[in-house]
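Undergrad: Each chain is listed here by its residues.
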Amino acid sequence: MKKGDASADVHTDQRPPAGLDSPRWRLVPELHLRRCGDQWVAFHSGRGTTHLVDAGAGRVLACLQREPGLDLPALAARLGPESDTPAGAMTGWLAGLRDSGLVRDDA
Amino acid sequence: MRVSELGHAGLRRRLSADGLLLATGPFVTRIRSRIPSVAEGINSLYPDCEVHNADSFYDFDCELRPPRSLRRFYRPQVVFLSDQRVVFKPLPRHQAYPMLEWGMNWCIASHVQNRLVLHAAALERNGRALILPAPPGSGKSTLCAALASHGWRLMTDESVLVALDTAEISGPARPISLKNASINVIRDFCSEANVNTPVHDTLKGTVAHMRPPRDAVERARQRAPPAWVVFPRFRPGADTRLIDRAPGEAFMGLVANAFNYAALGGRAFHAIGDLVDRTRAFDFTYSRLDEAMATFEALADGRQ
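Chains A and B, in that order, are what the protein sequence lines are. Just so we're aligned: 69 in the working numbering is position 69 of the first sequence, and the numbers increase by one with no gaps anywhere. Just so we're aligned: 240 in the working numbering is position 133 of the second sequence, and the numbers increase by one with no gaps anywhere.
Hints are computed from structural coordinates only; laboratory data are not their basis. Don't take every hint at face value.
[To be verified] Listed next, with one range per pair, are the computed distances between beta-carbon atoms:
| id | chain 1 | residue 1 | chain 2 | residue 2 | range |
| --- | --- | --- | --- | --- | --- |
| 1 | B | Gly117 | A | Ser45 | 48 to 54 Å |
| 2 | A | Gly48 | B | Asp346 | 35 to 41 Å |
| 3 | B | His159 | A | Gly48 | 32 to 38 Å |
| 4 | A | Ser45 | B | Asp166 | 26 to 32 Å |
| 5 | A | Gly48 | B | Glu404 | 38 to 44 Å |
| 6 | B | His218 | A | Glu30 | 23 to 29 Å |
| 7 | B | Asn221 | A | Arg24 | 39 to 45 Å |
| 8 | A | Asp99 | B | Glu404 | 57 to 63 Å |
| 9 | A | Val28 | B | Arg109 | 28 to 34 Å |
| 10 | A | Arg47 | B | Ser298 | 48 to 54 Å |
| 11 | A | Ser45 | B | Asp308 | 40 to 46 Å |
The beta-carbon is built from N, C-alpha and C at its ideal position, and this holds for glycine as well.
Construct all of the structure, not just a fragment, from the sequences and the given hints.
TA: Shown next as structure tokens:
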């Protein structure tokens, strides 16, 4: 009996990858998102995968769910007062979320 | 009518003919078999369960019979069929009764689509449900059997049913599966436990089953809201420890123990989210059942 496929992706890489400062970001289609205490969980119904996401990356996902198509400055502006997030951390989260297949950019 | 009212001869007649329609919680299973140990097991472990008429609806269809091969003449075997299809490889005939229990578990895990099904035990106390998700070998069933004998209502040892809309908990209140050393541990710890004759040399070692308490069977259709999710782990010689588990980690632990998560998709994801939102989650390590009982007593009383 195959049970649920779960993977824990806690995005902590804060290195700013190149070329992430201008694209507009949005969640991939078929993504479900829930807050879970201080963390977040995301489910991609197309792939059937579940991801555990830390608080910072989870706030990015929630923000993009509310307002798809934000670029990095706009995202930072939305999250800045609430999280005091440095831009380097933001780009690291976006890169990690993109690598996990949870967000995509329009570039 | 209950199983105990059929008498042993009546039970064997039903099993040999159109089948015994056995009600366990929300499910009715049709069971057919001419193998004596199957009748003996049902007679011993399901006396308080209701029996439905042969022309009633049923959820699962199970049959245990010898395989149709020449091998049966020199090494007796048994096969399990669900909806007339062989599901597992044949086993030695003396394992027919455990095979029925494993087959009934398989039916729930494979066919139920209107609820989330967790590989976990569940018990109820003061109208609130405790869920014990764990892989085999974690001491889940031993803990479940001890709790069921110490003031907690057994909901299930194996298949927790989570309502997709309310996250309420229910279970089929079937016998508790005990393995190897835990058989005598429970016989010693729970003086009133009714454990059937052990079956040796199975893939899981020696196995026996504990009869569910009558009250648990009679209340098997009563749901309860979830209150606690506890991930148990038996470690010989370990101190008793109950430690908070972060909700996100609890979520992932439940996903890993959900049988039909992939099939239900987003509905299962949100059902687990609702479950986590409504509960406190813990990791529990234990080696002494008396200390474990005290820990869960304190949890139920709000002292943890």
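Undergrad: Does each hint hold? Answer for all of them.
TA: Structure-based check of all given hints:
{"no.": "1", "hint": "Gly117/B to Ser45/A: 48 to 54 Å", "result": "holds (49 Å)"}
{"no.": "2", "hint": "Gly48/A to Asp346/B: 35 to 41 Å", "result": "holds (39 Å)"}
{"no.": "3", "hint": "His159/B to Gly48/A: 32 to 38 Å", "result": "holds (37 Å)"}
{"no.": "4", "hint": "Ser45/A to Asp166/B: 26 to 32 Å", "result": "holds (27 Å)"}
{"no.": "5", "hint": "Gly48/A to Glu404/B: 38 to 44 Å", "result": "holds (40 Å)"}
{"no.": "6", "hint": "His218/B to Glu30/A: 23 to 29 Å", "result": "holds (26 Å)"}
{"no.": "7", "hint": "Asn221/B to Arg24/A: 39 to 45 Å", "result": "holds (41 Å)"}
{"no.": "8", "hint": "Asp99/A to Glu404/B: 57 to 63 Å", "result": "violated (47 Å)"}
{"no.": "9", "hint": "Val28/A to Arg109/B: 28 to 34 Å", "result": "violated (54 Å)"}
{"no.": "10", "hint": "Arg47/A to Ser298/B: 48 to 54 Å", "result": "holds (51 Å)"}
{"no.": "11", "hint": "Ser45/A to Asp308/B: 40 to 46 Å", "result": "holds (44 Å)"}
Comparing the model with each numbered hint stated earlier shows that hints 8, 9 do not hold.
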